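Q: Residue numbers (my numbering), protein chains in the order written: chain G, 2 to 213; chain V, 2 to 314; chain L, 115 to 215; chain E, 23 to 464.
No wet-lab data here; the hints were simulated from the structure. If you're wondering where the values come from, they're calculated on a predicted model, not measured in any experiment. All C-beta atoms in this analysis are idealised placements derived from N, C-alpha and C, irrespective of residue type, glycine included. Be aware that a few hints might be false.
One side only, chain L facing chain G, incomplete, derived with CB under 7 Å [claimed, not checked]: (1) G126; (2) Y133; (3) G134; (4) T182.
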Amino acid sequence: MITDVLSWGLAALSLWSAWRVFRTDSMMRAAYLLLASFAAVGALLVLLSAEFLGLVLVLMMAGEMTIMVVFMVMFMMNPAGLNPMTMVHQHRAAVAAGIVSFAGLALVGVAGDFPDRPAADEVTTTSALGFELLGDSMLIFQSAGVTLLATMIGAVALTSRGGRFGDAHAGSDAPALAPEATASPAPATDAVEEGAHAAHEHDRHGAEGEAG
Amino acid sequence: MTVWAPAVAAVGVGAALVTGTWAVATLDTAVAGVVAGRGLHLRRAALAPLRRAALLAGRHPVTTERPDAPAWVVAGPLLLALAGAALSALPLAEGLAVADVPDGLVLYGAAMALVMVAVFLHGWAPNSVFPLIGAYRFVAQALSYQIALFLVLLGAALPAGSLGLGAIVEAQSELWNVIRQPLGLPLFLVAGTALSFWGPLALPDGEDLAGGTAAESSGRELLVWRTARAAVLVATAAVAAACFLGGWLGPVLPGPVWMVAKTLALLVILVVPAHVVPRVRIERFVSFGWTILLPLSLVDVFAAGVVALRTST
Amino acid sequence: MNLEALLVTAAGLFGIGVYGALSQQSFVMIMMGVELMINAAILAGVALWAESAAGAPEGQMLVIVAMTVMAVEMAVGFALVVAVFRVRKADITEKLRRLRG
Amino acid sequence: MGLNSLRIRLAGAAPAPVFVVCGLGGRERVVDLYAEPGLQVYSTPRHAGVLLVVGRLTRGLVAPALQAHDQMASPRLVVRWTAADGDDPGDHGDVFPNAVVAHGSAAEVAAAVAAAHRELLAGDRPPSAALLADIEPAPWQGVGPYGTGGTGMTGGVPFGRPMAARAADRDDLELDQLKLRLGPLLPSLPSGLVLDVALQGDVVQSAAVGDNPYRLYAGDPVPAAPAPGLFERACHQPVRIAELERARARHHLRWAAGLARLVGLEALGVRLTTLSARLAASEESAQAERLLTRIGRSRWVAGTFAGGDLDDAGLAGLGPVARAAGSEEDARTHDPAYRALGFEPVLGEGGDTPGRVRQRLAEAVQALRLATAAGDATTTVSGVVEGPRGRLGRGAPPPSAALVDLVAGVVEGLEWGDAVAAIASLDLDVEEAARHPQMAMP
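Only chain G is shown next, with the shape it has when bound in the complex (with noise of 0.2 Å):
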């Protein structure tokens, strides 16, 4: 009962949450209520016994959100939203287009006639997953391991300086503040690393602060 009522709720939550995220002028904003979407979602997860996943997807997710508020804060003009703006392209075609697939895949859900085999209560759901990870699975868990190997690597390639063996090598010198200043280029830098030093913007100056 009390599962039921706690799971319409939290059904509710992320789907109205991913609603806002595009609804808002503020980045922070959008990128939290995304969390929110993923975090009620993670909570179901957790209520459908599938506890190491919902924890997991709030763990991963956290970090994911920040770094795509400080992402957003360095590269968009209006971060906080303070001045009103729309920035949607094709707008009808795409609210179609949702409502189109949301048609759908709910009378995929709706009608489809799927067993009804019920998880049974007393299985130990993170231990079966860890031995599926590392038994059956193992392939797939290793797959997984190298395309996320790969992905730094690629990132950290796209993202340095320069590239296409040129300029990214240049080892670890600190970098000049002005660029035309550097003699030798800047080092590479990943994307985390990045996120993280980012400049801000940030339209509006912290008048109230107490520099006075």
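Take the given structure of chain G and dock chains V, L and E to it, following the hints.
A: Chains V, L and E in isolation, oriented as in the chain G frame:
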């Protein structure tokens, strides 16, 4: 009983949070007094946190120009709730936990990953420069310690063959993890100090930023934020006590006493550096995190794996 | 909550994700739409696993793969955003008329 | 009611939370405040409940002080620590009409502040009301299709302030630059320093020193010249070397206390300040010597500070700053009395922030040793004296004037924490710079 269980649990966690943060503040004041050359006045130190709290509780918060009000309201309570969630998975004695879930360690991990969100919200919300810089610093800091923190905890879970904190404690009945994995506890304490942004690693709330993410906080809001920071430190110490010092295990005295004593001892270790070790530069910490902390925690987890394999076969 | 309701929720998340990915101009917002779609996939996967596949561990495996996809998408996406920004100073799709570097 | 009165009693026993406004002639007194057990000095007015104005509130400080006042959480209170001998006509302290006026030693003022604060909490004293009008500082001016006031989405000044502009950065990404004015009340900068910085993330891209808030405007009454300090007196009359060197050590100790606070070691700062007051006693002197040696020798200095390089060109007369960078000049080498003591200047700890920190710590230790060794020897008068900040002499510009000019160059390219430490390592006194007739400030 089942109806009342959540209420009892909430009261338990709340009591742990309140006494824990009070203990942290008392220790902090006492150590500060000794370092300042004013001597050790335990009674005064024990009263000081209550006095400061009473002072802050009576102030009406002032706001800034166009803050992100919802974020500001959420940040402090969120951090406190996360510390509470972490504490709820901790067993005080055998079977005596609010929620000794089988994935307790993952629950702790998820809660501690969300700390980054709470701190970022707190720095972003006031629409002011220094808090925002503090928020950015914490993102850089969090990315540097986080992987190491989780790896070290995984190492502690290996001998138990379980992610439940109760099982992890029980697996230490013969040998505490602090001896079995000598790297584990020191690495966890460093990462935990960074996670609680305390003392030398209080970079997001640093003095050079005039208080960092808390620079624009006042009154009750500030009180909640300071309490929440101390609560995270308590959660760190308690998890370290459970994962590395054998939790409730110990001779003669009852289990909960051992758990509390070990947590307090670790709190002393965490609090003293705040008054003896100067602030670390963020750049230095980030490179330390990626080049020393992370490789060492990998070594730790591999060594723990080898030991676990040898003992199980 | 029964299986149908969970699947409809997932469909709703997917629909919103499609809308976001198609309508937004900013690169990062587009990525948010894609993330939402993967979120929907994860929810549907776990729902089917729990209600219809009797908790077979392969179902969880599928979700782990979906999470990997999400991580890869994020990393590559951000790397591309940085690379494009470095060359073109562009942060929205409208500024990229050509795809050639 | 019972609970509330308990809360008030508890709160009244807490140290009074203070934010300090350092006015003209207040610098040394402010340092003492940090060591008062009855006060807790905070680095932001938002944490404080008492605004403590020390010395003369000059015209340039009025606006920032009012702003800081209104940023304090209510109930709040203003205390002015003025000179004992009556009115200073140049003091704009009367902008705070209900201020409590206190004078005397730091301990006396701390007691007055604590008493007034207790009265405030008990409701016996009316809280200070907001002094500035609560209006939108930069009202909305948006027009046009996007409401931004200009063409496109980035143009215009929607809030009366320009949107952040992109500028080249070291990652070659051209992200936005944040231009700010910091100071004069920011406690992590020397009191009174106004810094206009362009920040990218927390890297200082460029900096310029702003208007000196201590400078006098036409018509401002000239403050009574402060009693000449020991170093000024030493320019034209012999003084005891022991006394002079103890004063030097005392100065460096108090500087180190500020630095300790900056790196989060507030308690150590209190210890150093307390020691500085008791250097005449041999026991405390030895204690200070041990403490300073330990700090200087430890790896902390190298780990806590970085950057802030200065080459030794253009540092003439800047004492420790110049000697850290490798210059050998020290007015004491020309004094036969010092030569008789075997004096040799401490040299070349390094021209960057950690080097300057080590240099000052080493010079403080050296000063303490000289003071012990000197006995009754007195200095030889030559018109020039080596002060703690650099060379002092009749008619010569004070070292701080030149030090202020170094600030912009030294912080460029540093991360904010390093920039603050680099400025602190220069040990400049903005007020001293303002006293210089040519006003070396831009």
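Q: I'd like to know which numbered hints this structure contradicts. Please list them from smallest to largest.
A: none
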